[in-house]
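S.K.: Listed below are the residues making up each chain.
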Amino acid sequence: MTVTAQAVPTSPANANGNALNTITVVPNTIGVTQSGRAETNKVGGNSVTVGAAQDTATTVSHELGHTAGAGDQYATGRDVGGNILPADVPGPNNIMKDLSGAPANSQTLGEIIKAPTNVNTCAKGMSAASGGC
Amino acid sequence: MVPAAPPAKCEIALPVWCIREGAYEIVSQFSKHNAYRRVWIIRGFFKPSSPLIVREPYGCRQGLSDQAEALTFDKHIKWGGKEWNRMTVQLKKDGSCNIELLVPPFSEDPTGEAFFGGLALVQRCMTTSCDGDSLGPLRGRFEMAWRDSRE
Chain A
1 MTVTAQAVPT
11 SPANANGNAL
21 NTITVVPNTI
31 GVTQSGRAET
41 NKVGGNSVTV
51 GAAQDTATTV
61 SHELGHTAGA
71 GDQYATGRDV
81 GGNILPADVP
91 GPNNIMKDLS
101 GAPANSQTLG
111 EIIKAPTNVN
121 TCAKGMSAAS
131 GGC
Chain B
134 MVPAAPPAKC
144 EIALPVWCIR
154 EGAYEIVSQF
164 SKHNAYRRVW
174 IIRGFFKPSS
184 PLIVREPYGC
194 RQGLSDQAEA
204 LTFDKHIKWG
214 GKEWNRMTVQ
224 LKKDGSCNIE
234 LLVPPFSEDP
244 TGEAFFGGLA
254 LVQRCMTTSC
264 DGDSLGPLRG
274 RFEMAWRDSR
284 E
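Protein sequence lines, in the order shown, are assigned to chains A and B. With the first letter of the first sequence counted as 1, position 12 gets the number 12 in this note's numbering; the numbers rise by one all the way through. With the first letter of the second sequence counted as 1, position 142 gets the number 275 in this note's numbering; the numbers rise by one all the way through.
Calculated directly from the structure, the hints in this document are not laboratory data. Think of the CB as a built atom: it goes at the ideal place given N, C-alpha and C, for glycine as much as any other residue. Take the hints with a grain of salt, since some may be wrong.
[As the list claims (entries may be wrong)] Some residues of chain B that are not near chain A, with every Cβ distance over 10 Å (derived):
| # | residue |
| --- | --- |
| 1 | 144 |
| 2 | 147 |
| 3 | 154 |
| 4 | 194 |
| 5 | 203 |
| 6 | 277 |
[As the list claims (entries may be wrong)] FRET-style restraints, in silico, Cβ to Cβ:
| # | chain 1 | residue 1 | chain 2 | residue 2 | range |
| --- | --- | --- | --- | --- | --- |
| 7 | B | 146 | A | 30 | 45 to 55 Å |
| 8 | B | 273 | A | 46 | 48 to 58 Å |
| 9 | A | 87 | B | 209 | 47 to 57 Å |
| 10 | A | 46 | B | 213 | 38 to 48 Å |
| 11 | A | 116 | B | 262 | 36 to 46 Å |
| 12 | B | 178 | A | 83 | 39 to 49 Å |
| 13 | A | 87 | B | 195 | 30 to 40 Å |
| 14 | B | 146 | A | 90 | 43 to 53 Å |
| 15 | B | 276 | A | 22 | 34 to 44 Å |
| 16 | A | 114 | B | 215 | 25 to 35 Å |
| 17 | A | 106 | B | 243 | 35 to 45 Å |
| 18 | B | 215 | A | 118 | 16 to 26 Å |
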């Protein structure tokens, strides 16, 4: 996997006290992550692990969906509340359901908008979930 | 357990290998060459002009993969009016399924859409339900030669 990156000067200090997001690229996730596949530390998390050997841009997109606050939509995946999904969420292919390359669906967009990690208080500025301050 | 990527599934499953879901376009052609049964053209989302070409011998239509051995890397292979780099991978020990993977030279596709992205979409089938590994890990065997294909 080749990653083209733009260096942006930053530090925890100018991340408003929040931890920075990190993407760790390991040679192969088998034997490294719990599932053996690419993972994010939690829904709304800030630490992604992907494998150079087998993962594609679609895999990274799926994991970035988790960092943004979206849950899985495939059987055995984790929904937005951290629960194991007993079956695929009905509906067409989408980025949180499979690796077909299909875009996010409305459920994913809603989960991201309402994610606690994305909602600031009005004292801090805009609140996406409440439609603004 | 933490949230993880969905398990990779085959978009098109053949007996010895499969094409994983994630391609923008997959084209299957009858081969004009006696040695191959079909030619598969796999294009990604980001640079469709740099496809991965898979030339599939007849022996890939029966049995299972019992091997994933990087055999050779060759430059200046002509196909479809263009020149390609060719990686040959043995998927069966009896040698009946040595698939040929054609990617554009480094100079034409320096981001490696076909080399990196394409190879990750090709999986060998070790069971009848096509459980198996991606050929992505074999890239390390070919990468230096591919990066040298600048001329």
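S.K.: If a hint holds in the structure, say so; if it doesn't, say that too.
M.R.: Checked hints:
1. 144: violated (8 Å)
2. 147: Holds: least Cβ distance 19 Å, greater than 10 Å.
3. 154: violated (4 Å)
4. 194: Answer for residue 194/B: holds, closest chain A Cβ roughly 25 Å.
5. 203: The claim stands: residue 203/B keeps its Cβ more than 10 Å from every Cβ of chain A (closest is about 13 Å).
6. 277: Its Cβ never comes within 10 Å of chain A, the nearest being 14 Å, so this holds.
7. 146/B <-> 30/A: 45 to 55 Å: violated (21 Å)
8. 273/B <-> 46/A: 48 to 58 Å: Since the Cβ atoms of residue 273/B and residue 46/A sit about 30 Å apart, the hinted range of 48 to 58 Å is violated.
9. 87/A <-> 209/B: 47 to 57 Å: holds (51 Å)
10. 46/A <-> 213/B: 38 to 48 Å: 45 Å Cβ-Cβ, so the 38 to 48 Å window holds.
11. 116/A <-> 262/B: 36 to 46 Å: Holds - the Cβ-Cβ distance for residue 116/A and residue 262/B, about 40 Å, lies within 36 to 46 Å.
12. 178/B <-> 83/A: 39 to 49 Å: violated (31 Å)
13. 87/A <-> 195/B: 30 to 40 Å: holds (34 Å)
14. 146/B <-> 90/A: 43 to 53 Å: violated (24 Å)
15. 276/B <-> 22/A: 34 to 44 Å: Given a distance of about 25 Å, which is not inside 34 to 44 Å, the answer is violated.
16. 114/A <-> 215/B: 25 to 35 Å: violated (49 Å)
17. 106/A <-> 243/B: 35 to 45 Å: holds (37 Å)
18. 215/B <-> 118/A: 16 to 26 Å: violated (46 Å)
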